[in-house]
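Asker: Given next are the chains, with one letter for each unit.
2 protein chains.
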Amino acid sequence: MQVPLSVGSLLEHAEKFFPKKEIISQTHDILHRLNYKEIGQRTRRLMSAMDELGIRNGDRVGTLAWNHHRHLEIYFAAPGMGSVLHTINIRLSPEDIIYIINHAEDKILFIDEDILPLIEHIHTHLTTVEAFVVMTDKAELPETTIQPLYSYEELLSAGDPAYEFAKDIDENQPAGMCYTSATTGKPKGVVYTHRAIVLHSFALGLADTAAISESDVSMPVVPQFHVNAWGTPFACTWFGSTQVMPGPRFTPKRLAEFIEKFNVTITAGVPTIWLGLLRELDQGNYDTSSLRAVLCGGSAAPLGLIKAFEEKYNIPFYHAYGATETTPLATISRLKSYQQDLSKEERFQERSRQGILVPGLQMKVVGEKGEVEWNGKEMGELLLKGPWIADEYYRDTRSNDAFIDGWFHTGDVVTVDEEGTIKIVDRTKDLIKSGGEWISSVEIENAIMAHDAVFEACVVAIPDDKWQERPIACVVLHEGIDTTITKETILEFLSPQFPKWWLPDDILFFEDIPKSSVGKFLKRELREQVKARYSPQE
Amino acid sequence: MQVPLSVGSLLEHAEKFFPKKEIISQTHDILHRLNYKEIGQRTRRLMSAMDELGIRNGDRVGTLAWNHHRHLEIYFAAPGMGSVLHTINIRLSPEDIIYIINHAEDKILFIDEDILPLIEHIHTHLTTVEAFVVMTDKAELPETTIQPLYSYEELLSAGDPAYEFAKDIDENQPAGMCYTSATTGKPKGVVYTHRAIVLHSFALGLADTAAISESDVSMPVVPQFHVNAWGTPFACTWFGSTQVMPGPRFTPKRLAEFIEKFNVTITAGVPTIWLGLLRELDQGNYDTSSLRAVLCGGSAAPLGLIKAFEEKYNIPFYHAYGATETTPLATISRLKSYQQDLSKEERFQERSRQGILVPGLQMKVVGEKGEVEWNGKEMGELLLKGPWIADEYYRDTRSNDAFIDGWFHTGDVVTVDEEGTIKIVDRTKDLIKSGGEWISSVEIENAIMAHDAVFEACVVAIPDDKWQERPIACVVLHEGIDTTITKETILEFLSPQFPKWWLPDDILFFEDIPKSSVGKFLKRELREQVKARYSPQE
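Chains as they are written, first to last, in the working numbering: chain A, 71 to 608; chain B, 71 to 608.
Do not rely on the hints blindly, as some may be mistaken.
Where chains are identical, the list cannot tell them apart; a pair therefore holds if satisfied intra-copy or between any two copies.
Think about it this way: if two alpha-carbon atoms lie no more than 20 Å apart in a straight line, the pair counts; the simulated SDA-like pairs of lysine to any residue are [claimed, not checked]:
1. 455 <-> 241
2. 406 <-> 362
3. 434 <-> 413
4. 406 <-> 195
It is worth saying that the hints were derived from the structure and are not from the lab.
Could you put the whole structure together from the sequences, leaning on the hints where they help?
Answerer: So, in structure tokens, the structure goes:
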């Protein structure tokens, strides 16, 4: 049968088969508990309200919001009526946010209460927005010059709880979009079709990937404004999982408390989040025994982090890999059955890789001499193809640099071992070219972070007259660590693990390392700081 | 990206990521062990050989074969080169087989050695077949008048192990087909598109359905000529499971031995198979502890069967439901997390239902007054819609009776409870209409089969002057049961469970009950036997 894959149908399935299952949602003021039947009716009310406000098929619906149930409702209401969910990264600069909203031509904006001041500041620059909706628990709208401003809950009160999901969806039409920061220039927009989101949700439910299930209590820590919280809200809703949404400006403490209180079974986020949670677990006394999986992506997790979760807290920790352009799940690290026979250390080594390709995708790894051998050594750029991989940046000529001959060029440099397991060794742009050979900054970083005294490490290249580039390591020590850790300590620790010419020329100690809005190291900025240390202020 | 879902890509994934994993395959003479790398190369050789023989995009490729690795290779070779895998039910009558092959216009036939005599008998009636291939372990071809006849292994020897899977597949083109017996008239053909098979494979891998995984050792007992062995060979290959194929004319003993010997974790088949296996387990001494799931479908499993597997042998037993027209998985019975709190008996009752709809499909249950309430009582016909539901019978006017307004009318009568769990209560045509009310023959059958002395029971309607129709129960007792079991014993056992007017007017004892080629009760034939008992031979 020609039945389109549609995002609305995922929530419809939950309304019918999991009406009693709950969403536990922390907003600014209240811990809400709603079930899928209620979420379904509220989503239908929201669609009817947006219809009243003039939102039509194909219109972009912007959100500036944290992880909570109202954001989830928009996840289904926008694509459910044929419009496009456009989640906006609230941590970007005001300039970037103006650019993104105007470039996407958002027609309506849904805004969390605490983000309203930002919009107050920029709203006169927004050229396409016709309505602003504030998501607040309060009865009155806040004082503001933003016009026209609506209250989310008031819109819902007036809406129709029996409004129908659009039946004429083309599965290849846009359901969502998300802008990703670029190394140079403005953020680039990625469009997700209905087909991409539904197939990606299937992929998240597979026993060998995230195995998302009705029996799960899922707490996405990755923001809903970042690649749809890795697509977990779509999959969890479809499969009837309980969802716990930690809300605005959560702390590691709140995460730990929620895990214990709500028996969270699966959670997902970037390494920085897990480093923070680990500190909290070390300090507090939490029962985390309900957790069956911590999914970690966004950037490579150091082996030490994986070990700490698994050995100290008995929490299974899974490395995954993806990008904004890949919806995002592309690979996940799970041992194959026969790899269970490896030694513990070998298992950890394998688990520190990013895993094998998720069923449904195709990959190629291309080095300077064509496709690399799968020997765990040869480095090449990872290329991806598949029904949930984007095929362009939205109205952006930079598409031509990344989407070539039907393949998405990830910009990530990897090795592939005999098992087909990839390991991210660097970004193409962060590889260090020393004496005509490549040095992986990430591998050195991970090795340094395996040192007990080290909290974080980041390796960048500095120009070198003789070798072209040389690595410098920037290190943050754990709080309260004794001060006998020196450059030499680190270099001695590294030297048995690498060829001599890989060893950093210097080890610099930092209070912290600059990070992007999604917790990734900002190497460009760090490189400037390193340069500044070497060139005394005038 | 516009990347089509294609069957060939499933095996390509296994070749790359699971090359070492094995297929263990019993043929007539040999127990073969091949890995996915070898299966991949053999499949490529087969595609090149079929190409040489003139098989082109869209051509139908017929198979008359048991469950083994060569059959698996054709599963991927035929759709992999754009032609159509047409599995033929070898248990049908010669007349039906002639009809099916001619109606599908098979261009080539792959035949197991022991089925060759059948083809010898009918081959002059086949109007479209241009080549016959015999699948044998022997070096020489058997003596036969069939022409032209090829040896499978010889074709492979001459084939190209690097032949490429077709890259220009349209996901909506046919990948497979299977004919299903009709109550009246010739068998009806169902076509499976690439899209249907791939999406169905995703569904089989979901944590909450069959959860097929790399770590599984899967032994499909349901024949590969019956709805693609429920699609398990496609999913298991994609996800890298070990597969155990029990080969021609297997016995319950071989199944039990294979489970123990190869540590089978998941198997699938009809209730008759499991009744047979249960007898074997009762008689023998087998280690079945590796089994994590027995999937049971095709017809409703009696509660006693489920209990015997779970309580006596600690083998999780999952009811599933589907049809040839549904690829087939449509529902599967797994308890929701909060249903774990039910009493043991309530859990078994719930588990004896056919479960909730698999994600990706839509259902409606329509009774005489429109859609029924989900109260576990109201009966109606189950209607299904979705991307792996067929939309017609192949070139057959009977399509109009079953595919109406975009819904497949299953012909199965069900109730739905508050949880959305369906229970098959009958076939529309087998419902007994007594005094203007419906009686479910299946519910009475299951109740009778819960009696310790009963092996099988089948309830049919006989015409009645006063009530229109009345139920008669036909019962097969376990072997060696004492002969004090009478009509009254059974009626006394039933009477507390049903309204008085549901109780059968008579209980007849049989040596066995006629069954179809796929193990379902042949009620039409049984009805004739019952009538014969009441009308003494002249």
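Asker: List, from low to high, the hint numbers that the structure doesn't satisfy.
Answerer: 3 and 4
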